[in-house]
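J.: Protein chains in written order, with the numbering used here: chain A, 1 to 346; chain B, 1 to 683.
Just so you know, the hints here were simulated from the structure itself, not pulled from any lab data. Just so we're clear, the structure is a prediction, and the values are computed from it rather than from any experiment. One or more hints might be untrue.
[As the list claims (entries may be wrong)] Distance condition first, Cα-Cα at most 35 Å in a straight line; then the derived DSBU-like pairs of lysine-lysine:
1. 219/A <-> 609/B
2. 243/B <-> 540/B
3. 339/A <-> 316/A
4. 94/B <-> 467/B
5. 43/A <-> 25/B
6. 76/A <-> 540/B
7. 182/A <-> 414/B
8. 157/A <-> 37/B
9. 76/A <-> 37/B
10. 72/B <-> 467/B
11. 414/B <-> 128/A
12. 243/B <-> 142/A
13. 609/B <-> 76/A
14. 519/B <-> 19/A
15. 187/B <-> 314/A
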Amino acid sequence: MTNDKCQMTNEGIIKLLDKLKDEVNLFAPQTNEYGDTSLAQVKDACNVQLKHFKPVMPAVREVLFGQVKKMLRYQKSAGKTTVATLDDFSETVIFGLPTCDLEGILYNDVFYGQREFPDFYYNRAREKLTLITIACVTPPNKNCFCASMGHGPFATKGFDLQLTDLGNGRFMVEVGSSKGEKIVSLSPGLFEPVGQNEIAAWEKIKQGAERLPRKDFIKKDQALETMGREPLNEELLKDISNRCISCGACNYTCPTCACFNVVDLENQGGVVRQRLLDSCIFSGYWRMAGGHTPKPEKIQRTRNRYFCKLVWDKEKFGDSGCVGCGRCLDSCPVDIDIKEVIRSLA
Amino acid sequence: MSEVKQVLTTCSYCGCGCGFYLKVKDGEIIGITPSQKHPVSQSSLCVKGWNGAEFVQHPDRLTDPLIKENGKFRKASWDEALSLLVKKFSQQAKEGGPDSLAFFGSAKCSNEENYLIMKLARAVFKTNNVDHCARLCHASTVAGLAAVFGSGAMTNSIDEFLDCEVILITGSNTTEQHPLIGSRIIKAAKAGATLIVVDPRKIQLTKFAKFHLKQNCGTDVAWMNGMMRVIIKEGLEDKEFIKNNTEGYEELKKTVEKYTPEYVEKITGIPAEELAAAARVFARSRKSSIVYSMGITQHTTGVDNVKSTANLAMLTGNIGRPSTGVNPLRGQNNVQGACDVGALPNVYSGYQAVIDPKNREKFEKAWGVSGLPDKIGVPVTMVPQLAIEGKIKALYIMGENPMVSEPNTAHVEKGLNALDFLVVQDIFLTETAALADVVLPATSFAEKDGTFTSTERRVERIRKAVKAPGQAREDWQIICEIATRAGYKMEYASAQAIFTELAQVTPSYHGMSYERLEKDFGLQWPCPNLDHPGTKYLHKDGKFTRGKGLFSAIEYKPPVEMPDEEYPLVLTTGRQYFHYHTRTMTKRTSTLERETPECYIEINPLDAKKYHVRKESLIAVSSRRGTITVRAKVSEIIKAGTVFIPFHFAEAAANRLTIDAFDPVAKIPEFKVCAVKIGGNNK
Numbered sequence: 001m002t003n004d005k006c007q008m009t010n011e012g013i014i015k016l017l018d019k020l021k022d023e024v025n026l027f028a029p030q031t032n033e034y035g036d037t038s039l040a041q042v043k044d045a046c047n048v049q050l051k052h053f054k055p056v057m058p059a060v061r062e063v064l065f066g067q068v069k070k071m072l073r074y075q076k077s078a079g080k081t082t083v084a085t086l087d088d089f090s091e092t093v094i095f096g097l098p099t100c101d102l103e104g105i106l107y108n109d110v111f112y113g114q115r116e117f118p119d120f121y122y123n124r125a126r127e128k129l130t131l132i133t134i135a136c137v138t139p140p141n142k143n144c145f146c147a148s149m150g151h152g153p154f155a156t157k158g159f160d161l162q163l164t165d166l167g168n169g170r171f172m173v174e175v176g177s178s179k180g181e182k183i184v185s186l187s188p189g190l191f192e193p194v195g196q197n198e199i200a201a202w203e204k205i206k207q208g209a210e211r212l213p214r215k216d217f218i219k220k221d222q223a224l225e226t227m228g229r230e231p232l233n234e235e236l237l238k239d240i241s242n243r244c245i246s247c248g249a250c251n252y253t254c255p256t257c258a259c260f261n262v263v264d265l266e267n268q269g270g271v272v273r274q275r276l277l278d279s280c281i282f283s284g285y286w287r288m289a290g291g292h293t294p295k296p297e298k299i300q301r302t303r304n305r306y307f308c309k310l311v312w313d314k315e316k317f318g319d320s321g322c323v324g325c326g327r328c329l330d331s332c333p334v335d336i337d338i339k340e341v342i343r344s345l346a
Numbered sequence: 001m002s003e004v005k006q007v008l009t010t011c012s013y014c015g016c017g018c019g020f021y022l023k024v025k026d027g028e029i030i031g032i033t034p035s036q037k038h039p040v041s042q043s044s045l046c047v048k049g050w051n052g053a054e055f056v057q058h059p060d061r062l063t064d065p066l067i068k069e070n071g072k073f074r075k076a077s078w079d080e081a082l083s084l085l086v087k088k089f090s091q092q093a094k095e096g097g098p099d100s101l102a103f104f105g106s107a108k109c110s111n112e113e114n115y116l117i118m119k120l121a122r123a124v125f126k127t128n129n130v131d132h133c134a135r136l137c138h139a140s141t142v143a144g145l146a147a148v149f150g151s152g153a154m155t156n157s158i159d160e161f162l163d164c165e166v167i168l169i170t171g172s173n174t175t176e177q178h179p180l181i182g183s184r185i186i187k188a189a190k191a192g193a194t195l196i197v198v199d200p201r202k203i204q205l206t207k208f209a210k211f212h213l214k215q216n217c218g219t220d221v222a223w224m225n226g227m228m229r230v231i232i233k234e235g236l237e238d239k240e241f242i243k244n245n246t247e248g249y250e251e252l253k254k255t256v257e258k259y260t261p262e263y264v265e266k267i268t269g270i271p272a273e274e275l276a277a278a279a280r281v282f283a284r285s286r287k288s289s290i291v292y293s294m295g296i297t298q299h300t301t302g303v304d305n306v307k308s309t310a311n312l313a314m315l316t317g318n319i320g321r322p323s324t325g326v327n328p329l330r331g332q333n334n335v336q337g338a339c340d341v342g343a344l345p346n347v348y349s350g351y352q353a354v355i356d357p358k359n360r361e362k363f364e365k366a367w368g369v370s371g372l373p374d375k376i377g378v379p380v381t382m383v384p385q386l387a388i389e390g391k392i393k394a395l396y397i398m399g400e401n402p403m404v405s406e407p408n409t410a411h412v413e414k415g416l417n418a419l420d421f422l423v424v425q426d427i428f429l430t431e432t433a434a435l436a437d438v439v440l441p442a443t444s445f446a447e448k449d450g451t452f453t454s455t456e457r458r459v460e461r462i463r464k465a466v467k468a469p470g471q472a473r474e475d476w477q478i479i480c481e482i483a484t485r486a487g488y489k490m491e492y493a494s495a496q497a498i499f500t501e502l503a504q505v506t507p508s509y510h511g512m513s514y515e516r517l518e519k520d521f522g523l524q525w526p527c528p529n530l531d532h533p534g535t536k537y538l539h540k541d542g543k544f545t546r547g548k549g550l551f552s553a554i555e556y557k558p559p560v561e562m563p564d565e566e567y568p569l570v571l572t573t574g575r576q577y578f579h580y581h582t583r584t585m586t587k588r589t590s591t592l593e594r595e596t597p598e599c600y601i602e603i604n605p606l607d608a609k610k611y612h613v614r615k616e617s618l619i620a621v622s623s624r625r626g627t628i629t630v631r632a633k634v635s636e637i638i639k640a641g642t643v644f645i646p647f648h649f650a651e652a653a654a655n656r657l658t659i660d661a662f663d664p665v666a667k668i669p670e671f672k673v674c675a676v677k678i679g680g681n682n683k
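Bound conformation, chain B alone (with noise of 0.2 Å):
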């Protein structure tokens, strides 16, 4: 007789957190259903959910450790591997200082292991260069919104938005990149909801929105600051709202004075009367809420872009009720987990400075350690860099891929290579991996327990379903045996007991445990003690997580690269629907491949014409810092003098052409912005 068991788990794609069973026959993964009382998936999944674990019994897993000899990868013993990760490592901090060593986190990995990695890092090599992905995607919104609301996460609830009467949506392609937000967001536009959506390209859900303001790319806080002009003008500011619970409204005030909607316009491209209407009716409703995603968050001014979506909502007094609020949609399974646990390299577990003594005392004590480093570390973002300046030259890479994620990927490229020694620990060879001088093999989240945090912040479970291929580890495994041998004795019995020392630890975790986490489906942080039931919707009544909501008075700044006669587009790159990220996962489920199976550019009929591009054409693009060949769609989804690629595509890499320039505070690239053009860089 076989066996069919059906085992409860959290999606590994998007931030939505959809929980559905995996349904294992003999040992082997055979279908997945959603559950019907989750509160997100309520019995629905994207086409991602539903084909959400072909990859992890796919024949190209890694299955024993390799480690490089003479430019060849060799299969290795685990004792083998982890005795040279070790002495390399330990070397390395000997001779250069703690601090010529960094670890990458992972989105993709479990709280759990986010944790252990920042531990290892912190406490046995006593470094804080230990950061992740983050930094490529919402780094912006925890700098900006910790800074004015001081808490940097979504401030409402996915099951809100069918409540919205406005929903403003910016830089979020919602049904795409979080379909199960963007349907709750198309339900509340059937039901009598406004949809503003401000984006450069004509996204589905723009079929569902009144207004739809195509903003050149990089001029939000412009437009934002143009709309806070016209509510305040008009009168429509919540004056209450801001009397009480706000500071810092008369210089936001002085500073919005000169974007009047005309002058809005020549910066934006977005019409005067309709930028006022759109204004009028966000700043009318009580019910109106701000989503918004990485064209929001990757800018040089990613972090003033995300206080302006903050302004705005603090002006109108749509903040801490239901269907309000500031809502930044997490692109990862557990980019929020990844965060709030501290693999991030200025902060503990729960957003604890690392350069105030207090926390470090408490972390010493916790973790039986003296001297935890003060420094704030290096983000992700800057580890090319110092490896090509010999400040940096160790990495121990959990599960990321920074050679198809990062900008500038021939810059990247030189980095890694610049390094003495490369440790990735992944379930793939990836495209980073190959370049690595010792290969971890590490489980899926098929694989293992542990816990997720989605972007309602809801920590929810992960549990095993199936055994791991070959001699993979649990990475959470991984890292406890690399800080024993290190010589810090690091011993858990399983996912739960690691879970249990970081609540301990964690004041918004605090009232968490896998006991309360097995009901209903989890629970959204903060959780401050055992009888807390969870919080659906941060600020409420107001009352900002720092006192009062503070303003911010923001000029606009221009990108960093902009168009000129030698390249005149604008390229703005971002995700499509069947693929994920860098595409590891997804280029190995058949039916997502085949939706997809190359990368293309989106381009306007009217650029079409005038750089004599033909449709379906396989044509090269270049930025002056790479060149790629893609697949030309002729289409006016995109307007014109701005062409968009997706970044999944190792084989063309949308980041062989990006900028390496970043946010002075959050160190996060701009992706959303940089010249190109159509044709090669032949000289």
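Same shape as in the complex, but just chain A (with noise of 0.2 Å):
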């Protein structure tokens, strides 16, 4: 066995699940009676998809934090007031994550865990965390276009194992940190060294991905710096803004899209606080304590958005929030896609 590469079988994987699902919080990959595809928790490890997919919504709101999370519970009897945190996270893996989710979390480690004020609940909730990923061989789905922003289709860093599909019955493992050698080094009968041939084929297929003519979709650089300077383009974001029809799916749905709100609701004499995913899209999300909203017009906040997305996050974290996942096209009820803001650019 080499250090960080191994690989198993697909019988493997079955088997490190089915133990997994008893040991932890175990989420993977899974198609319904329905037809719909999530990371669901797994109750029976055959029920869990092998290939790479992409969820509706990112793992990061899928798993780490819900739409809504209750934060702590405030009670005040006799006089005292007691203050208990609501943190209800325990260990978990998730298994089968794409590449763009993971991008997503790294983003996110860095937003809630890594700045001035490190948020508490999103870093207690990482520490329990470890991703098992899936690497994207063929895209997902058609919006994708991770390679044109470098973000995948291969992860190169944060993953804890990342598994690449040899289309033989056998997965790659790459071991990313100590989670995840601790899962190979549990496990050892499950795991196989890898050969000359096999890295030979895994690095075919890789190579093979990136090559994909998604690669060539967006020029991400050269646009990047062309909105740095210049304004967007009036017609378009204006069309954009016409057709929004204010449903917040957009940032809902991103996996670096982090702003929240925070409710405190009235309860048995107590109060709980509560953080909820919020939506820069919305003029709301704007609105000053006198009443004064710095922008009333829906063509503001689309352009905000973009520039929040591309420019202002390379600045402030040194690469643009958009990881290329195409979710917010997936969602969006009017097909507005960023790729055509990005496309005018360069």
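Dock the two chains into a complex; use the hints.
T.: Here it is, written out as structure tokens:
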């Protein structure tokens, strides 16, 4: 067995999942009786789909946080105030995570976890999370463009284990962290060493995936550079905001949209504080305490979203926030495509 | 370890009927995901859908039965509350006769529950006084389209809009009220379809419309007659279709003769040439579809308006094929279903008339009773007046809030207060529940099994995802217990058992079962037998349910209350994107409430200047029936001379202003037109 690579059979994976599901909260892609696929909790390992896929919701929303997260409860009784933290996240493994989702989690790691005020809830949950990704050998759907955004189809960092389908009933396993190593070492019988032949086959698959035409969809660097100095095409923005029906899906399904709203709910003499996923496409998101709304027009908010995602994220975090998963288009009722915006610039 | 499950169910807001998953972690709803494969949602939802479950576990939920004593509520046991209720209702039926009772079903509740409440009213208490809020939205559609086509529902299916060549949208702010239909109309327009929007407001769809005809409120028969005259004069009518599939054409032709574009312009304010041009575009396409909603139905001429849309479709042969038709969009998750299963005063489930002895015999046999009442019952909107007159003494309201939803609130309040006994079964203590003698805590859509029927006649499952709070019970279980206590043994093992009975007695649902509904996200009625695949569009090849399609020759009649010197503005009311009806659910959903936290009036800059209204100021608005205070939104969205107020806000209820004038046939109120002024009613 080489240090960072090994392999396992499809049956071996099922056995591993069967074991994990009894030890931790295990989430993996499963298609239900209605034909819908999602990252769902595993009850029967045989139902897990070994094909890479892309759920509607990114893993950060599906598993790490819900759309609503209860944070704390404070209660006043007999003149005394007590505050209880509501933290219910227990040890969790996500299997079959697509690369775009991993990239989303890595973004959130910085956004919530590594800035001036590290987020208690995020970091606590993140520590208990193990990520087993499956590299996207072919794009899960037509709206994918991770390769041109530099966020896929193979992950280069951040995974605990990354699996690649070798197409012969076997998966290449890359070990990316000590959490990953632990999984391998605890189930030694399921992981087998790899030889030169497998590595050659794997490299060929990897190159093939990266060479797909999607790589050339968009000239990202050029577009971002243009965007930094020139205004966005007004006609295009107008068309987008005219079409937009303000559903919020582009924010709700984006793996790197992290804005939230905090609401206190009175309940049985106490208060429960909860955090909700928010959307910058709503005007109330912008409204200030005095009632003034700095971005009253939808076109202003549309422009803001693209600048935030593509330019300001790069300034703040070193790379654009768009990982190229295409979820905003998947779930948009009027087919608004961020690629159109990027293409208009380069 | 925690358990996370995903439960597929149907959205409880508008009639689109989107499918989504409730994500439940250890008994708490933590999120919603749209279904990818669902034919309507297709991975999308609107803002209400995405935020569609926050209210479910809100701390304000009713958890115990309440009994009012000395003007104050106290908690009671189910036994105590139900004994009191049954005692009062039975006593009242004995003393004042069955028709001194009335029952309101609910477009928010399931088919099973509405079926049972009508069974409770008819089989147990022997009155046809059962109705629900369809009376306030599409009573005119049900009456109008049933008369001319034989079936009072949306003729085509939601996905067919994508292939339309021409879409005429009138009285529907589709992107706000039926967002996933609105989005398809936008996509059709982007793909080249021509949109004709006839609406006094500059709604979002006008951005894609070739024609935006801003009619004066309440002049719909006139502009449709005008269009038809142009079509006939220019020989653009579908002569084959008219000859083979319709009757009454000659009378129609004679009646519309005088509606020249110029004459129509005087009535409607629509420029003559624009009307004629739009009429030509509509008539020349073989894939022209009509979409309408409350702007057509909520008038004293509601039935006339609806029949006129049918005239227009038949005249141009645009019905009975994909991407055509007359498409009333139903506003509530299950308003179609509540009508289908007979929560109406004149019909049993499947629109089987109560006055037909054969139908009474059928239901007497099915229910094991005798002496089902043969007189048509009273509609929702007549109840306040009848209560004031002392003719209705006890009222049972399941999941409705007439104190906010019905016209002329002061009159409604007077009516409800005149009752001897009022029961309200709901999930929150609504404005109406506050007036009740007994309040029963019920369940939301996320806490029970059942079915909803969407606007495209799709019967879909809802599924229990979480436990009801406190002592709250499923609506159907409450009804069963009341019936049993009143002496009629009503017992079902599950919602499924109710559906099985319902399908047996309802021809259009006859071929449906829970097993079949599991597959392919439900079935569209009519589905008469077990092999039937359901029906995508009605009246195939011009073979109407009633035989031949019936043209209706209709003269224009003005609204009841027109502006005058004292009340110079026309008020039109409606809904707004982020809120829903009487706001009981959306005000308890943080994102939705944040977007529109208070009531407002849309007023044109010309009128704002004329009446000295400063933008964003709080102003009083009055009609002959009341005054409310609202925030002024000075905007070109509304034409001069007309103002718009959403009706969601109990704190500034638009229905304090609206008029309780009704369509003579459908008894639907004229929510869309009354006269108001800026300022108070100080004498």
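J.: Check whether the Cα positions of residue 43/A and residue 25/B lie no farther apart than 35 Å.
T.: Judged against 35 Å, a Cα distance of about 15 Å means the pair holds.
J.: Is the straight-line distance between the alpha-carbon of residue 157/A and that of residue 37/B 35 Å or less?
T.: It holds: about 33 Å lies between the C-alpha atoms, which stays within 35 Å.
J.: Would the hint linking residue 339/A and residue 316/A be met if the CA-CA limit is 35 Å?
T.: Judged against 35 Å, a Cα distance of about 22 Å means the pair holds.
J.: Hey, residue 519/B versus residue 19/A, does the alpha-carbon distance stay inside 35 Å?
T.: Given that 35 Å is the threshold and the Cα spacing comes to 33 Å, the pair holds.
J.: Regarding the pair residue 243/B and residue 540/B, is the alpha-carbon distance no greater than 35 Å?
T.: 16 Å, holds
J.: Regarding the pair residue 187/B and residue 314/A, is the alpha-carbon distance no greater than 35 Å?
T.: 33 Å, holds
J.: Has the given pair, residue 182/A with residue 414/B, been kept, meaning a C-alpha gap of at most 35 Å?
T.: With Cα atoms ~73 Å apart, residue 182/A and residue 414/B exceed 35 Å; violated.
J.: Is the straight-line distance between the alpha-carbon of residue 76/A and that of residue 37/B 35 Å or less?
T.: Measuring from Cα to Cα gives roughly 48 Å; hence the hint is violated.
J.: CA of residue 76/A to CA of residue 540/B, is that 35 Å or under?
T.: 66 Å, violated
J.: Checking one constraint from the list: CA of residue 243/B to CA of residue 142/A, max 35 Å. Satisfied?
T.: 49 Å, violated
J.: Tell me if the straight-line CA distance from residue 609/B to residue 76/A falls inside 35 Å.
T.: 52 Å, violated
J.: Keeping to a limit of 35 Å between CA atoms, is the pair of residue 94/B and residue 467/B held or broken?
T.: Status violated; Cα separation ~38 Å.
Checked against the numbered hints listed earlier, the structure breaks hints 1, 4, 6, 7, 9, 11, 12 and 13; every other hint is satisfied.
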